[in-house]
Structure formats: structure tokens, C-alpha cells
Amino acid sequence: MAHHDLPAIPDLMAEYRNAARDLLPVVGTTRRATGDPSTSYGVRGVTIDPAHLAAYTQATGLRLGNTVPVTYPYVLAFPLAIKVMGAPDFPFNAVGAVHLTNVIERHRPIALTDALDIKVHAENLRPHRKGLLIDMVTEVTVDGELAWRQTSGFLAKGAKLSGTAASHGARPEDDGSLFGGHPEIPGGTPTAQWRVTPAEIKRYAQASGDKNPIHVSALGAKAFGFPTTIAHGMWSAAAMLSGLEGRIADAVRYSVEFAKPVVLPARVSYYAQAGTGSTGGADGAAGAWDLQLRKTSKPATLHAVARLEAL
Numbered sequence: 001m002a003h004h005d006l007p008a009i010p011d012l013m014a015e016y017r018n019a020a021r022d023l024l025p026v027v028g029t030t031r032r033a034t035g036d037p038s039t040s041y042g043v044r045g046v047t048i049d050p051a052h053l054a055a056y057t058q059a060t061g062l063r064l065g066n067t068v069p070v071t072y073p074y075v076l077a078f079p080l081a082i083k084v085m086g087a088p089d090f091p092f093n094a095v096g097a098v099h100l101t102n103v104i105e106r107h108r109p110i111a112l113t114d115a116l117d118i119k120v121h122a123e124n125l126r127p128h129r130k131g132l133l134i135d136m137v138t139e140v141t142v143d144g145e146l147a148w149r150q151t152s153g154f155l156a157k158g159a160k161l162s163g164t165a166a167s168h169g170a171r172p173e174d175d176g177s178l179f180g181g182h183p184e185i186p187g188g189t190p191t192a193q194w195r196v197t198p199a200e201i202k203r204y205a206q207a208s209g210d211k212n213p214i215h216v217s218a219l220g221a222k223a224f225g226f227p228t229t230i231a232h233g234m235w236s237a238a239a240m241l242s243g244l245e246g247r248i249a250d251a252v253r254y255s256v257e258f259a260k261p262v263v264l265p266a267r268v269s270y271y272a273q274a275g276t277g278s279t280g281g282a283d284g285a286a287g288a289w290d291l292q293l294r295k296t297s298k299p300a301t302l303h304a305v306a307r308l309e310a311l
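full-length UniProt numbering numbers the first residue of the sequence shown as 1 and each following residue consecutively.
Do not rely on the hints blindly, as some may be mistaken.
[As the list claims (entries may be wrong)] Cβ-Cβ distance ranges computed for the label pairs, FRET-style: (1) Leu-23 / Gly-61: 20 to 28 Å; (2) Leu-64 / Gly-158: 37 to 45 Å; (3) Pro-227 / Gln-193: 19 to 27 Å; (4) Ala-192 / Leu-24: 29 to 37 Å; (5) Gly-181 / Ala-14: 37 to 45 Å; (6) Ala-249 / Arg-21: 42 to 50 Å; (7) Asn-124 / His-182: 38 to 46 Å; (8) His-4 / Ala-223: 44 to 52 Å; (9) Arg-32 / Ser-297: 17 to 25 Å; (10) Ala-199 / Ala-51: 18 to 26 Å.
Keep in mind the hints are simulated off the structure, nothing from the lab. Since we're looking at a predicted model, the values are computed, not measured. All residues carry an ideal CB built from backbone N, CA and C; glycine is no exception.
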């Protein structure tokens, strides 16, 4: 692994611009999907800006306190993930990559005063029926101890393994599902219903730094095949988690699988069920929660399914 320590977290929008430039003829990088990339990036001693954290919690509904929400380190580390995707040995371009799944394992709460060492690498390149899947792995350590680990599954539609990789021990095809298929529509009344507006998602974009055009520009969204702007998947993940504030253990695993995008404006129904096993497992685990986010006017449309369980 060729690891590079950076002096600071890079600017996310600058990394997006680099990714877009990479698509241009002549100046762009020719990418070959031959195997797992070897480049990783990290930053040591990252401190948490209380104002940034406050803006994030206001945009997601998560609680502001002396420790950060389970999903907050994602926004700190995401620029490093895009930088890894921009390395010459990465198998596909970051532009157009689809965030399919996200699994966070928090081993202990991260305090507002902690200094964080953050490292991101990519692994487990494998075929998918629609292209190629890869896992972006983020680790956050505090004083040498692993506090938080995340595995984010990204799909490159239409990408293929190179002939060499495909013929020499390539990993089997993976459908990317965490839960073995989509769950049934829950019975009964939703736990909550939310109206999601473009203004609300722009606030999240500002707080998270992720101003990808598909989230903040109708024209930009249309350029990528969406009718108008869509919510960030990790906004949905954070919003679902906000419904469980006060019930989240110190050491938890939070697994999310994204389905249909939330096209703005939207009204969504949120379902939280304790220990039902509806997203996998026969009986559910003690202290586990199964979560779903669905379109209110058409409940068959699933936006995200998640499970929160103690480690």
C-alpha cells in the first residue's frame, strides 16, 4: 500500500473538479480495472470545528453534544475518499459513481476534543451485474486506538474488469446488497413523515461540503439523468439515525443500503422497528433497530433501509 499523509483534509470541491478534469481527452487518466488500488491517503491530528459540527447537526436533526454523531466522521473523511478515487491506480472515475451501501462501526464515541487520525483506502474490487463495485474503507483512530471504521460500497455503472483481471482469479459477482434483498413494506403507521425540500438539502450540502451538482443544481442533476435535484444518501442515513437519539449505544454498527433517490421536493415516511429482524436475521438482535425510508405517496418506493445494532 502506497500511503500518503497530507497536511490537512483536502477541499472536496477541488477534488470533484479534478475528477471532472480526469474525463477530458488528452489530459485525463486512462484507467484500467486490474485489481485493488494501492494508494491511500490520510491526515493526522484532525480537530473538530464546533461550528461545523453544529451546522451538521442542524442540517440532519442529530443531537449536538460533547461527542459527535455516528455519521459525522463521514463528512470529515469524504474528501480523502474522493482523492483516493482520483489516484492513477483507481479502477474507475469518481464522476458518476453510485453510493450503494454504507456500514459504520463505532467502537467508542468520539469526543469533540479528540484529535483524529483519518485514513482512507480502497479494496475488494469485484464485478456487479451493472458494472464494478469497490469498497472505500475509512479508519479513524484516537491515540492509536481504532474508534470508528466505515466501509462504503460504490458502483461504477458500465465499468468492466480488464481482460487480465477478468481471466486471473477475479472475485465473484456481487449484487451489493447488505440485507439479501429489499424488505417488505411495514404495516401500520409510519414512525414519522418528513417533507424534504431543496433548501433543506442545500443546507446539508453547505454543512457537509458536498455541493455535487446533482444535489444543488436542477440543471446539474438533469445532466446526470435525474429529473431535478436529489437528496444526499448520507443525509437520509443521518436523518434516519436522528429518530433513535437517546437509544444509540456507545459501540454500534450502523448499516445502510440505498435504493431509489429522494427526488426533491419530497415527502417521505420513516419507519423504525425495534428488533424485528425485518432487514435480515430471523428474530432480530437485542437492542437492534430496523429502519426504512419510503416515498409517502407510493410506499412501494424504497429510498433506504438500515439496521442499527450494538457491537
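Hints, verified against the model:
no., hint, verdict
1, Leu-23 / Gly-61: 20 to 28 Å, "violated, 36 Å"
2, Leu-64 / Gly-158: 37 to 45 Å, "holds, 42 Å"
3, Pro-227 / Gln-193: 19 to 27 Å, "holds, 22 Å"
4, Ala-192 / Leu-24: 29 to 37 Å, "violated, 45 Å"
5, Gly-181 / Ala-14: 37 to 45 Å, "holds, 39 Å"
6, Ala-249 / Arg-21: 42 to 50 Å, "holds, 43 Å"
7, Asn-124 / His-182: 38 to 46 Å, "violated, 23 Å"
8, His-4 / Ala-223: 44 to 52 Å, "violated, 32 Å"
9, Arg-32 / Ser-297: 17 to 25 Å, "violated, 45 Å"
10, Ala-199 / Ala-51: 18 to 26 Å, "holds, 20 Å"
Checked against the numbered hints given earlier, this structure breaks hints 1, 4, 7, 8, 9; the rest are met.
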